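Asker: Chains as they are written, first to last, in full-length UniProt numbering: chain A, 1 to 87; chain B, 1 to 437.
The set of hints was computed from the structure by calculation and includes no laboratory data. Nothing here was measured: the structure is a model prediction, and the numbers come from that model. Glycine included, each C-beta is placed from N, C-alpha and C at the ideal position. Accuracy of the hints is not assured; some may be wrong.
Said to hold, decoys possible - Within a straight-line C-alpha distance of at most 25 Å, the following computed BS3-like cross-link-like pairs (lysine-lysine) qualify:
1) B:K338 x B:K55
2) A:K64 x B:K234
3) B:K338 x A:K64
4) A:K86 x B:K234
5) B:K160 x B:K234
6) B:K413 x B:K55
7) A:K81 x A:K64
Unchecked claim - Here are a few chain A residues that face chain B, going by a calculated C-beta distance under 10 Å:
8) S37
9) L38
10) V41
11) F51
12) N60
13) D68
To be verified - One-sided and incomplete, this derived list gives chain A residues near chain B with beta-carbon spacing under 10 Å:
14) R6
15) L40
16) I44
17) F45
18) A46
19) F57
20) N58
21) E61
22) E66
23) S70
24) G73
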Amino acid sequence: MTDTIRNRIREIIAEQAMLDVEQVTDDATPADLGIDSLGLVDSIFALEEEFDITIPFNANEPEKSEFDISSIGQIISAVEKLVAAKA
Amino acid sequence: MNAKKTKTEKSGAAKGRTEKIGPVAAPVMHKPRSGARRVVITGMGTVNALGLDVKTTLEAFREGRCGITQLDFRDVDRLAIQIGAQIHDWQPESWFNRQQILLYDKFTQFTLLAAKEAVEQSGLEFHGELGLCSGVVLGTAGGGLNTWDENYRVVYEEGKNRVHPFVVPKLMNNAAASHVSMEFGLRGPAFTVATACASSNHAMGQAFHMVRSGASRVMLTGGSEAMLCFGGVKAWEGLRVMSRDACRPFSANRNGMVQGEGAGVFVFEDYDHARARGADILAEVVGFAMSSDAQDIVMPSAQGAERAITGAMRDAGLNPDQLGYINAHGTGTAANDKTECAAVAHAFGHHADRLMMSSTKSMHGHIIGGTGAVELLACVMALRDGIIAPTINYEEPDPECALDVVPNEAREKKVDAVLSNAFAFGGLNAVIALRRA
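Given these sequences and hints, build the entire structure.
Answerer: Here's what the structure looks like:
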């Protein structure tokens with residue numbers, strides 16, 4: 001289950017970044033993958049739609065957001081938590 | 001005969017403009033370039049969350065009063081954003097009859113009320129020839145957005161297959177400009193400008209150009225927005241740039257913009273015409289410039305903003321050290337405020353430290369396509385009354401916004417010339433310069 005979620009998140013981010021899934025590594029930041037501010041907001045929307053969750057993210061204060069976007073690994077674990085909280 | 005006269009005036013203005021291109025010349029106070037006409041403001045009106053007229057709005061500016069409250073409209077409980085500078089208890093029946101309400105979206109209602117106040121103050125009547133050489137140019141981003149929202153609900157949510165016959169004339173972006181032209185008999189140029197958050201500055205710039213060139217003798221100008229409805233706020237939520245608690249421009253703890261609604265309308269008039277009839281001149285419009293970032297659909301560029309700021313000063317024949325106040329775009333987003341401060345700091349050099357720059361959006365919210373018009377009221381107040389409207393909700397200094405933002409309290413200070421900034425999504429910048437009459 002968790003692997004499925006993890007893979008799906010990486011697929012969504014890969015699609016946004018126009019990269020292969022293998023290139024979306026846990027230690028990469030969105031910026032490393034060439035995802036700009038609009039791309040980030042678009043990715044978050046895609047994740048919300050995919051998992052039917054609400055991601056608390058304000059583009060004005062990403063560092064203060066409860067949703068950690070500092071790396072792909074952090075994004076994955078934050079989404080996993082939100083999905084688990086929903087269940 | 002009139003046509004001939006107009007033609008001569010136009011060619012004179014064009015000649016004047018050509019001569020002005022080049023490096024910043026020494027300031028030419030009180031003297032227009034040869035051939036160009038001076039443009040003055042002889043009336044102003046507004047409707048916004050701070051008040052339904054200019055007097056109440058300026059009082060709110062002086063008191064640093066905040067018009068941002070809990071939003072109240074249908075389905076608001078389904079929104080993540082619950083605050084806005086909404087005009088509560090808006091009752092169109094107080095101002096318009098049933099037939100008019102059927103045709104006027106809220107953005108048109110706001111505009112007409114503001115226009116009425118402005119025209120009354122100017123004392124103008126557009127009979128005969130004056131009506132033929134007067135017009136209206138207004139800004140709006142969303143036009144009749146409430147009408148779209150209500151009628152989509154009817155067909156999609158309620159499943160009805162019939163809408164009211166006036167939906168199209170009510171929602172079209174030029175509806176407000178057209179109704180203003182009809183209300184006052186303005187039979188010259190009439191149109192609407194849509195450049196998102198810079199719409200009314202772009203509109204006022206066009207009005208300024210038309211009076212300066214002699215194409216029009218009087219232009220009603222400004223803009224309006226009525227986007228505070230479920231669909232309007234839901235759309236903005238998507239971008240994740242909205243604050244959930246307050247609009248705090250330039251403050252280090254700012255966390256986004258807050259939407260407002262309303263209108264601002266001004267009478268821009270040929271100086272000679274205003275003077276000949278003994279009108280009370282509120283301020284002079286002396287310069288305008290626009291630029292495009294040509295870079296990003298939402299992220300602002302300091303270079304683009306700076307080019308509009310320096311362009312407006314050059315157009316006005318003003319040196320940086322003659323400017324005392326800037327009404328900032330100041331949205332309260334992380335990106336705008338630091339970019340705008342960088343642009344101003346670079347454009348003004350050492351004089352940036354002696355300038356005052358405030359964002360009145362902290363009080364009336366971001367009125368999107370009408371915001372520049374409502375903000376120009378603060379510019380006129382600065383010039384006419386020597387009172388600088390504050391940036392309220394300012395709590396923590398931000399090293400990236402290290403200018404005098406007139407925090408929290410209005411200030412008494414005489415200023416001779418001011419700018420009003422507007423920097424829109426899409427990278428479209430428009431800056432207008434006014435001088436004391």
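Asker: Which of the listed hints are broken here?
Answerer: Violated: hints 1, 11, 13, 14, 18, 22, 23 and 24.
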